[in-house]
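Chains X and Y supply the protein sequences, listed in that same order.
Heads up, the first sequence is in my numbering, so the first residue is 632 and it goes up one at a time.
Heads up, the second sequence is in my numbering, so the first residue is 632 and it goes up one at a time.
Some hints here could point you the wrong way.
When chains are identical, the list treats them as one kind, so a pair holds in a single copy or across two.
[Claimed, not checked] Within a straight-line C-alpha distance of at most 25 angstroms, the following computed SDA-like cross-link-like pairs (lysine to any residue) qualify:
id, residue 1, residue 2
1, K689, G641
2, K679, V713
3, K689, V676
4, K689, G644
Think of the hints as simulated: they come from the structure by calculation, not from any bench.
All figures in this text were calculated on a predicted structure; none of them were measured in a lab.
2 protein chains.
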Amino acid sequence: MPTFMDVHEGFVGATAQDLQAAHDADLRIEGEEGVHFERAWLDPVSGKAWCISHGPSKEAVMRVHERAGHPTAEVYEVPIEVS
Amino acid sequence: MPTFMDVHEGFVGATAQDLQAAHDADLRIEGEEGVHFERAWLDPVSGKAWCISHGPSKEAVMRVHERAGHPTAEVYEVPIEVS
């Protein structure tokens, strides 16, 4: 299953509770698209957030985020990973 | 220890070996700055890469990447994370 990195903007001043609520909204519906959001990180100063997910396609990831109320056009397939 | 997300551009067509070599170059010197690079992801189509690290400051993360030969000015502290 491909891995995706997506990028959000506009979360200046968001809190841990805000990110958890957004993540929970994704988790509630992700199964309908065969997607799983693994981790998300937020910088409340720049308002940027990033999510790592696994799913069948970039479009499926985008649909989950859109339906959950935080759409983004910036979704990148990341087939190469190191740790 | 704060967590950071950094963003690189210009890796169009890079391979898993390229990313591993860049990551290894970071790992060899990161200890001198008190930084640890945890994971990195690469999209060879857009040429974008992202790293998650832990360290004392954004500047320390930037110094490791610069000394390792792949500088970036885009380093964000991400104090909020969910999984």
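- Message: One pair to classify: K689 and V676, alpha carbons no more than 25 angstroms apart. Within, between, both, or neither?
- Response: between (27 angstroms within a copy, 13 angstroms between copies)
- Homo-oligomer pair classification [G641, K689; C-alpha up to 25 angstroms]: Intra 21 angstroms, inter 21 angstroms, cutoff 25 angstroms: intra and inter.
- Query: From the Cα coordinates, with 25 angstroms as the cut-off, is the pair K679 and V713 best called within, between, both, or neither?
  - Reply: This pair counts as both: shortest intra-copy Cα distance 23 angstroms, inter-copy 14 angstroms.
- Query: Should K689 paired with G644 be assigned to within, between, both, or neither, using CA atoms and 25 angstroms as the limit?
  - Reply: between (28 angstroms within a copy, 19 angstroms between copies)
Of the numbered hints stated above, none is contradicted by the structure.
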